[in-house]
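Residue numbers (the numbering used here): 17 to 109.
Among these hints, one or two may not hold up.
What the hints assert, rightly or not - Straight-line distance between alpha carbons at most 16 Å, and here's what the computed EDC-like set of lysine to aspartate or glutamate pairs gives: (1) K95 x E66; (2) K36 x E66; (3) K63 x E37.
As the list claims (entries may be wrong) - Distance windows between CB atoms, simulated: (4) K61 x E21: 15 to 25 Å; (5) K31 x K95: 37 to 47 Å; (6) T54 x E21: 43 to 53 Å; (7) K36 x F81: 32 to 42 Å; (8) E22 x A55: 24 to 34 Å; (9) T57 x G86: 34 to 44 Å.
No lab work stands behind these hints: they were computed from the structure. In this text the structure is predicted, and so the values were computed from the model without any measurement. The C-beta atom is built at its ideal place from N, Cα and C for all residues, glycine as well.
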Amino acid sequence: MTTLEEIKELLNKNKTRFLKELEESREVVHLVQKSRKTALTEAEKTKVKEQLLDICKAIPSFAVFMLPGGALLLPLLIKLIPDILPSAFREDL
């Protein structure tokens with residue numbers, strides 16, 4: 017496999033993961049809106065907690081990536097602290 021093909025495959029994989037994370041976030045927004053009117057089930061509460069933790073994990077990851085040299089530092093951090101990524105990005109680690 018050439019480098020260009022590897023880059024395309026990696027971009028497609030991350031695009032899919034990013035879209036999955038967005039979809040999960042949309043679901044949580046609906047659950048939070050629902051919680052204003054009615055009580056959530058335990059499963060719904062768990063889902064909200066997990067997604068909020070994913071959002072909290074994503075912010076530092078993106079901040080590290082934006083730093084000078086972050087593109088090199090982030091993969092190293094992921095190897096050292098695999099739990100730093102949101103759940104949608106942890107499939108292949």
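Checked hints:
Our distance criterion of 16 Å between C-alpha atoms is broken by K95 and E66, whose separation comes to about 22 Å. The hinted pair formed by K36 and E66 meets the criterion: a straight-line CA distance of about 14 Å does not exceed 16 Å. A threshold of 16 Å between alpha carbons decides the hint, and for K63 with E37 the separation of about 13 Å falls inside it, so the pair holds. As the Cβ distance of K61 to E21 is approximately 43 Å, the hint placing it in 15 to 25 Å is violated.
Remark: the range hint 37 to 47 Å for K31 to K95 is contradicted by a beta-carbon distance near 22 Å. Against the hinted window of 43 to 53 Å, the Cβ-Cβ separation of T54 and E21 comes to about 50 Å, which satisfies the hint. The beta-carbon spacing between K36 and F81, approximately 19 Å, falls outside the hinted interval of 32 to 42 Å. Checking the proposed 24 to 34 Å range against E22 and A55 shows it is violated: the Cβ atoms sit about 48 Å from each other.
For T57 and G86, the hinted distance range of 34 to 44 Å is satisfied, since their beta carbons lie about 39 Å from each other.
Hints 1, 4, 5, 7 and 8 from the earlier list are contradicted by this structure; the remaining hints agree with it.
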